[in-house]
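Q: Based on these hints, arrange chain B on the given structure of chain A.
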Amino acid sequence: MNQRIGIVGVPPLAVIEEITRAGDTFIDLDEPQVQASLDQSASRIPRVYCAILRTVVLNCMHLSLDRVYVDVGPGKCDCALHTAEVLDDMLSVPVIRTRNQDVHAFGYPLCTSRLPLLEKFRLITKGVQSAQPYPVRVRCEPQCGFWGVPPRDFSLLTLFPDTTHIFGWTRCMENKTPASLDLERVFDPDIPTVFFSQSFCAKAALAKHLAAKHPRGIAIDCDVTAGSSTRAKIEAFLELSGIESDLRSID
Amino acid sequence: MLLADFGTSYCKILDTEDRRPARIVATRELDRSFCADLATGHNAARRSRKSINELTALARGGQQLVNRPDFVLLDCGSRDIKFVRFHEGKVVDMGWNAECGASMGFTIELLSAYYRLDYATMPVPATGFSITCGVLGMSHIFDAVVSGASETEAVAKFVRGIAHNAHRFANEPEELYLSGGLCDNPLFIASFPCRIIPLGRCVLLEGLQATLGKVPSR
Chain A
1 MNQRIGIVGV PPLAVIEEIT RAGDTFIDLD EPQVQASLDQ SASRIPRVYC AILRTVVLNC
61 MHLSLDRVYV DVGPGKCDCA LHTAEVLDDM LSVPVIRTRN QDVHAFGYPL CTSRLPLLEK
121 FRLITKGVQS AQPYPVRVRC EPQCGFWGVP PRDFSLLTLF PDTTHIFGWT RCMENKTPAS
181 LDLERVFDPD IPTVFFSQSF CAKAALAKHL AAKHPRGIAI DCDVTAGSST RAKIEAFLEL
241 SGIESDLRSI D
Chain B
1 MLLADFGTSY CKILDTEDRR PARIVATREL DRSFCADLAT GHNAARRSRK SINELTALAR
61 GGQQLVNRPD FVLLDCGSRD IKFVRFHEGK VVDMGWNAEC GASMGFTIEL LSAYYRLDYA
121 TMPVPATGFS ITCGVLGMSH IFDAVVSGAS ETEAVAKFVR GIAHNAHRFA NEPEELYLSG
181 GLCDNPLFIA SFPCRIIPLG RCVLLEGLQA TLGKVPSR
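Chains as they are written, first to last, in the working numbering: chain A, 1 to 251; chain B, 1 to 218.
Excised from the complex, chain A in its bound form (with noise of 0.2 Å):
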């Protein structure tokens, strides 16, 4: 019978295609799945805290699972560790932890594609769901760079033109190597490139850094929903790198 399998983070090939062999169903956790207040995540998990794992927490509060993959290696981070021991708490059904530490490289056509950035990231996160190689794609010359992993609020995506290269754990997470360091650090010094962190991530020291390393790199982070104020400095930065949005004439 189909089974319903949570999955957080990217867990490793083999449990993929177990998964998939079983023709059961993905439930990707890190995502919003549920139409719910984040908030009532606090019962079980800090307000200040990761806004993907209080997703995490919020979708498992509300949806009907199977069993969940949480991976919470190099791959992923120690706030998923620490997530998991509440979701075994939490849930009636198996939690089990991965260690994700795959190595072989499938590429990432999609971050050097020429598909609107958030069409990109819809496409790679839902990858993660398979285990077969990528159709060939088209790289595009990018005119600036996204480093980071797939925001909470996509919507902040929509900002970048169509030619935005992806970088960092999302590249990682294509690649299917996400505990590959030497990926996540990789960025284009010729392009203008937003360095992104969620708020309260470890990972926003790692931003912060190649942001000051990069010749035209601004690092920004953004908590629950990007606010008017992260999508002015992403916007300024864009246009005052020559990217100019919709300037109109005025008659």
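Since the hints were made in silico from the structure, they are not lab data.
Wrong hints could be hidden among the right ones.
[As the list claims (entries may be wrong)] Taking lysine to any residue pairs in the SDA-like style, the calculated list, with each CA pair at most 25 Å apart, reads:
id : chain 1 : residue 1 : chain 2 : residue 2
1  : A       : Lys213    : B       : Lys50
2  : B       : Lys90     : A       : Asp221
3  : A       : Lys208    : B       : Lys50
4  : A       : Lys208    : B       : Asn171
5  : B       : Lys90     : A       : Asp190
6  : B       : Lys50     : A       : Ser155
7  : A       : Lys213    : B       : Lys90
[As the list claims (entries may be wrong)] Stretch by stretch, here's where chain A covers chain B in the computed footprint (C-beta under 8 Å, at least three residues):
id : stretch
8  : 26 to 37
9  : 88 to 94
Built from N, CA and C at the ideal position, the CB exists for glycine as well.
A: Frame of chain A; chain B shown alone:
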């Protein structure tokens, strides 16, 4: 062409076909039907035909007014603070704080009106309050007054704390160009732990004029 910087407390309006300088109008007194051609600020999207965000206007205004490749420009508004840092003529860092730096300018103005203080005559205190937000910072004033400090002394410490917080927010440069209404506040300017070069209240309008040069005409 009507350009406007719609601030929270004051609007700065410039008619490019008029030789007179920009006029400054209290936001609460601005006609509801007023509509600019190009604007920036909190109400810009609602009250203009075209708007740009404030950081962009600040950076472009700074570039027009400061003839140097490397500088830091900080704008202290009623409601928020923002900065841009230029290196070799390009923006390399920026920040906009609408939460922790909130309401600094507005509370400074409110306090002078309530306590009837003249910032031009107040000396800079040797120490200040540790403040990250205008609203929360006011409780320091009330505590100090209850403890026996004069209202003038307590408010001066508040202003000094605000200036130091703004300086930290801009990553503590040795020299800072200042934009916004607080350029007219001698106590605020003297409270910074670095050299201050005030540029006045119309830096964002300068940025709008620079933007106008980029808009293709029909």
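Q: Now tell me if each hint is right for this structure.
A: Cross-check of the supplied hints:
1. With a C-alpha separation of about 35 Å, the suggested pairing of Lys213(A) with Lys50(B) is violated against the 25 Å cut-off.
2. Annotation: proposed proximity of Lys90(B) to Asp221(A) holds, straight-line Cα distance about 22 Å (limit 25 Å).
3. Pair hint Lys208(A) plus Lys50(B) does not hold up; C-alpha atoms about 33 Å apart against a cutoff of 25 Å.
4. A distance of roughly 14 Å separates the Cα atoms of Lys208(A) and Asn171(B); the hinted pair therefore holds under the 25 Å criterion.
5. With a C-alpha separation of about 14 Å, the suggested pairing of Lys90(B) with Asp190(A) holds against the 25 Å cut-off.
6. Distance check on the hinted pair: Lys50(B) and Ser155(A) sit about 22 Å apart at the alpha-carbon level, within 25 Å; holds.
7. A distance of roughly 16 Å separates the Cα atoms of Lys213(A) and Lys90(B); the hinted pair therefore holds under the 25 Å criterion.
8. With a cut-off of 8 Å between beta carbons, the stretch 26 to 37 of chain B has 1 residues touching chain A; three or more are needed, and the interface restraint is violated.
9. Under the rule that three or more residues need a Cβ within less than 8 Å of chain A, the assignment of the stretch 88 to 94 of chain B holds, with 5 such residues.
Violated hints, in rising order: 1, 3 and 8; the structure is consistent with all others.
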